[in-house]
Every structure is written in C-alpha cells, then in structure tokens.
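Visitor: Order-wise, the sequence lines are chains A, B and C. Each residue of the first sequence is one higher than the one before, starting from 1 at the first, in our numbering. Each residue of the second sequence is one higher than the one before, starting from 378 at the first, in our numbering. Each residue of the third sequence is one higher than the one before, starting from 686 at the first, in our numbering.
FYI, nobody ran anything at the bench for these hints, they're computed from the structure. What you are looking at is a predicted structure, and each value in this text was computed from that prediction instead of being measured. Mixed in with the good hints there might be a few duds.
DSS-like mimics (lysine-lysine), calculated; alpha carbons at most 27 Å apart, straight line [to be verified]:
(1) A:312 x C:784
(2) B:442 x C:809
(3) C:961 x C:1009
(4) A:197 x C:1056
(5) C:876 x C:849
(6) C:871 x C:904
(7) A:40 x C:809
Some, not all, of what chain B presents toward chain C, calculated at C-beta under 10 Å [unchecked claim]:
(8) 515
(9) 537
(10) 556
(11) 619
(12) 644
Glycine is no exception: its CB is placed at the ideal position from the N, C-alpha and C atoms.
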Amino acid sequence: MTTSTYLARKDVLLILLFAALIMALLPLALDPFRLNLVGKYLTYGFVAIGLVICWGDAGILSLGQGIFFGLGGYCMAMFLKLEASSVGATKIQSTPGIPDFMDWNQITALPWFWRPFHSLTFALVAVPMVPALLAFVIGVAMFKRRVGGTYFAIITQAIAAILTILIIGQQGYTGGVNGITDLRTMKGWDIRSDHAKLVLYFANAILLVASLLIAQFVRRSKLGRILVAMREREDRVRFSGYDVAAFKIFAFCFAAALAGIGGAMFTLQVGFMSPSFVGIVPSIEMVIFCAVGGRTSLLGAVYGALAVNWAKTTFSEDLPQLWLFAMGTLFIAVVVVFPNGLAGLYRDHIAPRLGRFLRPQLRLAPTGDGRKQGATR
Amino acid sequence: MLMGYSLADLGAIFAMQGFAGLVLFSVFVLMALGLAVIFGQMGVINMAHGEFMILGAYVTFLISKLFAAFLPGAFAIYFFLAIVLAFIVAGALGMAIEWLLIRHLYRRPLDTLLATWGLSLILQQVYRSIFGAREVGVELPNWMMGSLHMTESIEIPINGLIVMAITTLITAAVYYLIFRAPWGRQVRAVMQNRAMAGAVGIDAGRVDRLTFALGCGIAGVAGSAFTMIGSTSPTAGQLYIVDTFLVVVFGGAQSLIGTIASAFTISQARSTMEFFLSGSMAQVVVLLLVVGILMLRPQGLFVLKLRR
Amino acid sequence: MSDHESQPPPPAATRRRLLQGMAALPALGLLPRAARADAPPTAAVNTTGLAVTDDTVTVGILHSVTGTMAISETGSVEAEKLAIEQINAQGGVLGRKIKFIQEDGASDWPTFAEKARKLLVQDKCAAVFGCWTSASRKAVLPVFEQYNGMLYYPTFYEGLEQSKNVIYTGQEATQQILAGLDWVTKEKGAKTFYLLGSDYIWPRTSNKIARKHIENHMKGTRVVGEDYFPLGHTQFNSVINKMKLVKPDVIYAIIVGGSNVAFYKQLKAAGVDLNKQTLMTISVTEDEILGIGGENIAGAYACMKYFQSLKNPNNEKFVPAFKKMWGEQSVIGDVTQAAYLGPWLWLLTAQKANSFDIDKIAAASPGVEFKGAPEGYVRIHENHHLWSRTRVGRARADGQYDVIYETADLMEPNPFPVGYQ
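Okay, chain A solo, but in the shape it has when bound:
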C-alpha cells in the first residue's frame, strides 16, 4: 500500500456497503417511527468515529464524550429555542421573546451568551467549535503536563459530572434538569413533521458517511500512523522529535468536534436536549458502543453504536428488568473476552474466509496485525 492511496479499495467498498444500508435498505424496510430511532442511534455513530481516532488509535480514553455531544446539542437547541420563543409565541410570559424557562426563573432579559444564537450560521459554526474549544483547553492543560491514561479518563469524567451540575444548577440560563424542550422550527421549517424527520435522517446519514471518509483519510495519513505509534510507544515517538502533546490534543479535539455534530443532529431529530446526555452515564455508554463495535475499526464502532442502541430499545420494551443485566454482561464480555469487538470477530473469523475469494493482499485497515496488542492499552 502506498501513501498516496488514502482509501484502499476494500475500505471504500465497506463504507459504500454501510452507506447503502443506512440510506437505502433501512429507509425502505422500516416504518417512519423506527427509522427515526435509527437516525437517533446514528448520531452516536459520530461519537463512535471520534472515539476510534482518539481512543482506538491514539490511546486516549475520554469518559467525557457526553460533554461534547451535549455541548453540540445545546448549541443547536439554543438556536431552535430562540426561534420557538418569538415575541408572538410567548405573549403570555411576563417578558415575551425569551425562552419560557427563563421567564419561569424571573430572568427578564436574554443573557449575553444566548444572543449570538439568533443566527443560524453562528449556531452551525458553534456546534463543532464550542466542543473542540473546550477539548482544546482540557487537552492543553492535561497533555502538556503528560497526564494520561486512567487518570485522564477520570478527570474527563469529573468534568462531565461538574458540567451536569452546572447546567442543572443554572436553570434560568440552561433550562435546568428539564433541558431545552419544545423545539419547533428551523428557519420556519417545521422539524417535527414526518417529512422533516425523513429529510433530517438523510442529512444525518450523509454527514455520517462524510465523517467516516474524513476519519478514514486521517487514519491513512501520516498523522494517523503517528497516533498509533504514540499509543504503542509514546516515548519513542517523543524521542523521534514529535510533539506528542500536540498530536494528542488534535485527536481529542477532532473527537470532540465530531461528538458535537452528533449532538446537534440528535437535537434536530429528537426535538430537545437535556443534561442527561452530558453526565457520566451517557459518556461511558458512548465508550461502550465503540468498544462493542471494535475500538480500532471505524465502521465497527458505528455498527456497535447501532447494535447496542437497537438492543437497548428492544430489550427495554420487552424485558426492562433484564436490560441492565444484559448491558452489564455485555460490557464485561466485550472487555474480557473479545476486546476488539464486533470488528475483531469479523477480522479474525469472517474476513479470512472472505479473503479466499478476494485478492489475498487486500487488508482491512491500516494497522492490521498490531491491533490486538494495541487494544490492550
């Protein structure tokens, strides 16, 4: 494989297969309600892609992806909420023209940080940028001082917890524990109708496939290989003259920006945003999606997000009591028995057999064999 071919033929094939699945097969096979659910699951796919780069490749486990998912979602929700709180629609409030929860909390003017969100352009820029900026600040503080590993994981977790408490505590500005609800239109376009949900589903699917391609490009580039090298032997990379911290910060910010986009798409499809996405629990669940699918495989992680959420919905419809048992066992099984997740199973058992029919030198992903060891970090 030469460095000029960023996308091997087989990778493209698999991504196309995935695109066909989510853009043709599922929309044809499912009713609008189930399709909307799939759209929701796919928003976690963005987080999973980011985690593959950040955790699978660079070896940085962030237990705070919920922060970024939530921030992206909140940026989008703030814009939508402002549009839903026009002076006309909020006549009965003591201060018309501000979101209803502010009025309930005796706030009489729109806070300064809400003002820019009147503009859709600003909101769209903020969706990836605000999470990336926060990730940058955290990343600089941590990685420049060579904080990493488990300790970094629990710091991100602590930050997730803190942010949840802040959002819940400052309910006049954030909607508190209820979150920002009752979002209606985007530039006059009703996002709640079945038609809009379909459009949003496809927009989401296209964005996801685009993100997959970009992430694949990053992994195929020299940058991606440095990330993997760093995961395996950080000191050697440092001694080779690379600024390890800078690469880590990049990976972390990249993952954060993707999570933010996922959050915004979530808000659009579900119609609200609440602090329950920001906390510790959803953050860890996001990591689990990725682990189940395979932490070193982009497509695996996205399939993982789909599969776990699908299982969650199905289980909790039929056997809510068993759901936690199933989820807990799944976590443990993934970690102990098959650390490379679904993708690992595919690679070890299915791909070799497929390989006999295809040309033998084609390989699945860039770091092929070193992976098993890598996942053990």
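The hints should help you fit chains B and C onto chain A, whose structure is shown.
Guide: Coordinates of chains B and C only, in the frame set by chain A:
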C-alpha cells in the same frame, strides 16, 4: 447575615459549623479511601465503588431486621456487628470479583474501568430484584440518632461522632497496614515494580486480591456508616460517586495523603460556603474552583514520584 | 414500619391476589357502572385509527421501572394496574376490556420521549398513563401534542402548563401550597418561614409561590431564608446550623429523592425535635417515609390532597384492594392515589363522550366527576386539572399520617396564578 445575633449565638453556631465541617471531612475520607487504596496501589479504577457501598448499607439493613426479629434486646448494639459484617461481605465480593474479572485485566487499566462499570449495572439490578426499587429504611437504635447537649445552644450529633470515629479507625488501620505492616511492604513493592517483587518471592496475585478486597471492604464500611446520614436504595451509590471521584482526582490519585488533604480542602470549602451561600451555589463554586485548580495542576494536589 | 419488601409479587401470585382483590369489588357501590350490554360498534367510537377492537382497547403505561426514579414511580405503576384490573372486572370501557402496554422510561427523559412516540405512533394507544417528574412530562408533551395522544399525569407539580392532550390528576402548585400556609399561620401562629428545596423547577416555582403568599397575601409573615441543594445532595449539616441561628417558626421543605432521607436523618441527629419545631413539607408522602424511617420524621406536617389514613368509604375499600394486589406491606402516597384516578377518569370521560377519539375525550373532560375517588370527590376543571381538597397531615412514627385538617371546599386548580408569578 451575621448581624443582629448575640455573641453566644454566634459562638455556638461557629462551634457547630466547625463540627459539621469535620463530619463532612470524615464522610469524604470514608467515601474516597477505598477507591484511593485500589487506585493508588493497583492503578485500577473501581467504577462499582458506589455499589459496594450500597452493599454495606443493605447488609446493615438485613442485620437490623434480624436483630429486630430475633434479638430485640441487643438491638442497641447491632450496628457494630453490621459494620464488621459489611466489611466482610463487601470484601469477600471484592475478592471474588478480583479473581473472576480484574486479574485478567491488569495490563489494561482502562478496560478495568469499563468492566467494573458493567459490574455496577449488574449489581444495581441485583439489588433492585432482591430489595425492590424503593428505598429501604434502616432503623437505627435510638441512642445513635440523638445529640449531645454541650451547652444550651451547642448540640453535637452523635451519628457525626460515630462517623468520625469510624473514619479515624479505618484510616489508622489502612495507614498501619500499608505503611507499617509487612503485608504493606509487599503491596508497595508490587506497586513499584511488579516483576522484581515477584522475583523476590512475593505472590503478586495474592497481594492484588487482598488489596482489592480491602478497598471494597472499606467501601462496605462506608456504606454501612452512611445509613446514619443518607438513603439506601439500588441507585443511591450514584449519589456518592461524584464526590468520591472528585476527592480522589483532586488529591492526586496515587497518594493516600493527597486523598485526605483533598477531602479536607473540599469539605471545608463546601461547608463554609454552604453556610453563607445557598447549597446549590456553594457546590457550583467549589466545583469551579476544583476544575480551575485541576487545569493548573492536573496531576492533583499530591503526586507520588515514581519510576515508570 | 420499615419492614417492607416492595417488589411486585411474581405473575402467578399477582393473578391470584388479583382475583381475591376482585372479590371486594361489588362492594364499591360508588364506582361507575360500565355499559356492558350495549357496547357501541367500533367504527362509531374510534374514528381516528386508535388501537380499539370490538372487545379490547389498548392503553399505555409509561413510567420508570429502572434508574433513580424507579423509587418513586413504582407506586404509580401499581395503582394504574389496579385501576385497570378493577375496570376490566366490571366490564371495561364502552364494552371493551383494557389491554395495557407498559414501557420503561428508565429515568431518562429522552427515553420517555422515545417510548411516548412508540406508544402513540406504533401502538396507537387510546390513552397513556404515565410520567412522574416534570422533566419527563416536558419531554413527552410535544410528542403528545404532535401525534394527538392523551396523557394522564399523576404527580403534584409546579403548574405553568396546560395542554389539551394532558389531564393533570395531581395538584398544581397553588392547590398544594396556599391552604397549607394559611393553616399553619392560623393554627401555629407562624410568623417566620425558612424555605428549602432541591434545585430544580418544581421546588423553585413552589417556593416562589409560597414566598409571594407569605409576603403579599398573609399579614405579618415573612421569609427569613431560602436555600436550594443539588439533586442527590446528602449533606445538610450546614443549613441545619443556619436554621438554628435564624430560628424560623416554620421550616418549609421541598426536598426530593435520596436527599430527603439524608435531610430528615441529619435534622433529627442535630437535635431538632419536630414536635417542637414546626416543619411543613409538600414532598414527603407515605412512599418517601419508607426510606426516611417514620421515627425520623414523626411530628412533621405534610400538605397533600390524599393520605392513606383518610377516612371515607371509598378509601376504606381502595386501601385493602391495593394491599391485596401488591402486598400487605405496601403504602399508598398522594401520587399513587392520583395515578389511580387516571384510568377511572378516562373511563368516565369515554362514557360521557361515547367515544375513544382523543379530540372528543379532550372536549368531554371538563366537568367529568369521579365520586368513587379514594380522596373523596374530584372533578375535572376546564383547564384539565382537578378540583380537589387540600389536606394537612401529621407524620406518625409508624410511617402514616394523621389527617388533621382539610379545606371545606374543593380548591380550584389555577396553573397560571395571577399575583404569584
């Protein structure tokens, strides 16, 4: 807000407030110690820490029921037996978990975090299936829920005194075990250099198992003690987990002294600010301060110098 | 009192207990009679494609059975199932047996929205009984409005809401607060109040209403302190000291969840005797006392519309029926009773409208009265809340309340109270 009160009143309040701060400090230490022992000595984050605490609380609940049914005469002292049993039960479960799960993952500390999270989900559901989703009320002997009248206006809650006593005992025991007893030397040896420790004849696997059991046992004791001040339900472990992690992270995760110092700083800041601000505001201010300091000093307050 | 095993009995046992419970039913003279003989044709009662057949009608139950809120919502699920079984035992609704689909909101608001959508879009439920927290209701409200469903919401809540698609069977804030404050001022001569709450919309809004009432609508009373704590807070010693310093006549506490247990245990340990210090709460029902322990809260006053110990013929049949179905140890709090009202009110409304269509149910709801309510008598107001009495109870050490006061008239629900905003 201190205007218009007599000096005696103020003095009494400051005394009680100081005591409240000390109780909070004890609570934090008790919460965080088990986690810090496991993380500091083994590099493993036990995400099921809160569930081990609740296990201790449920053990206390069961013991109180047994005493009420069969030994009502000795009800006044059941709590001491409950604490010991909570330690044993939580420790035994911890040992089993270490043997079944954790020991396969020592080379992958990040994965232990995920596996123990899975464990915490399972434990929560087990509690819910056995004890029901509702909170259970742990009935305590009357003398433990009273207060000591020091002067006319100073009253010292007895449950606070008990928490402080338990914390002091546990901390002293852990200090002795790890820094004075021969076993602790083995623990530290394994932590500092596993291969060498094995070479000089230390059974590293056994040391790990006992360390993990010790951490879980302390969590059990904490849970048992907290039946005096908090609630017991399948998900109550989650109430403590945020504070626990903050204390450990802020202290610098590898250092027991750091954990204690951080528990002291956070508890005093919280307790003082809660007196002057609203509880919610106080927590926000404290959290922001903690985050700010972590950004400047991400390793936490105390760092153990280690050769890696 | 703390001796209770509250998990539901296994299915077989449930069925048996249920049948025993049914035996008590003929005695429920005040319960509405179902029109069994003359079941109207399906095409007439269901013009909008709801899940109604010639002999069944499907409804949804949407509560958390896992997660942190399962503690509170369990009672509501039990009450709703009891009501549905009782209605089926006497012939069902418009000649049709009620089938229910239960979904788990998992204490997670987006999950509530997702499940609500499923119940309406996929299962075509004719009515949904569910939600507990305001946050979950806020999450599902747009769903119910968009797909035109009917939600019966049981919890006392902060008001500031009114929807064609929701019947609020609990009290809105003014119904729960004003009469209690008037009573405590009159009976206890209270002048100073200290307001406490968990930090979210319900306690904040309720305390805001309480403060306006104390400052503007009563004479010579004032608020001497107001404090909020994050949900799940477990350390209350500082605020207890603060209250000892300012010595309020009344502590007005709206603390919820696990914090409740911590607060009352620490209050007792700090030597605050609730027989001497007046404490009034609107957030502790018999359900919560299970966790707090009756001995830790005895003497406190609670302001509710229903207590299990209420003495009236309806309640004297309701309590045994509930215990037969869910076990002798179970207790019934205010919200549990309100949840029990949901299916009955829906039955009565469907009979009045002679239809399951949501629009007709919504239009027929105002004026529907339920004479068999365990709390006595309720009537649906034009604003879809209930007219109901406010009562003050005093906690006993065995975990029950003594009802010591009730308003003479039904209180009018007023979700947008002028002068209290």
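Visitor: Hint by hint, say whether it matches the structure.
Guide: Quick rundown of the hints versus the structure:
1. A:312 x C:784: 24 Å, holds
2. B:442 x C:809: 47 Å, violated
3. C:961 x C:1009: 38 Å, violated
4. A:197 x C:1056: Roughly 45 Å separates the two Cα atoms, so the pair is violated.
5. C:876 x C:849: 40 Å, violated
6. C:871 x C:904: Cα-Cα ~11 Å, so holds.
7. A:40 x C:809: 22 Å, holds
8. 515: For residue 515 of chain B, the interface hint holds, since the closest Cβ of chain C sits about 7 Å away, which is under 10 Å.
9. 537: 7 Å, holds
10. 556: Hint on residue 556 of chain B: violated, closest Cβ of chain C at ~30 Å, above 10 Å.
11. 619: At 8 Å from the nearest chain C Cβ, residue 619 of chain B passes the 10 Å test, so the hint holds.
12. 644: 9 Å, holds
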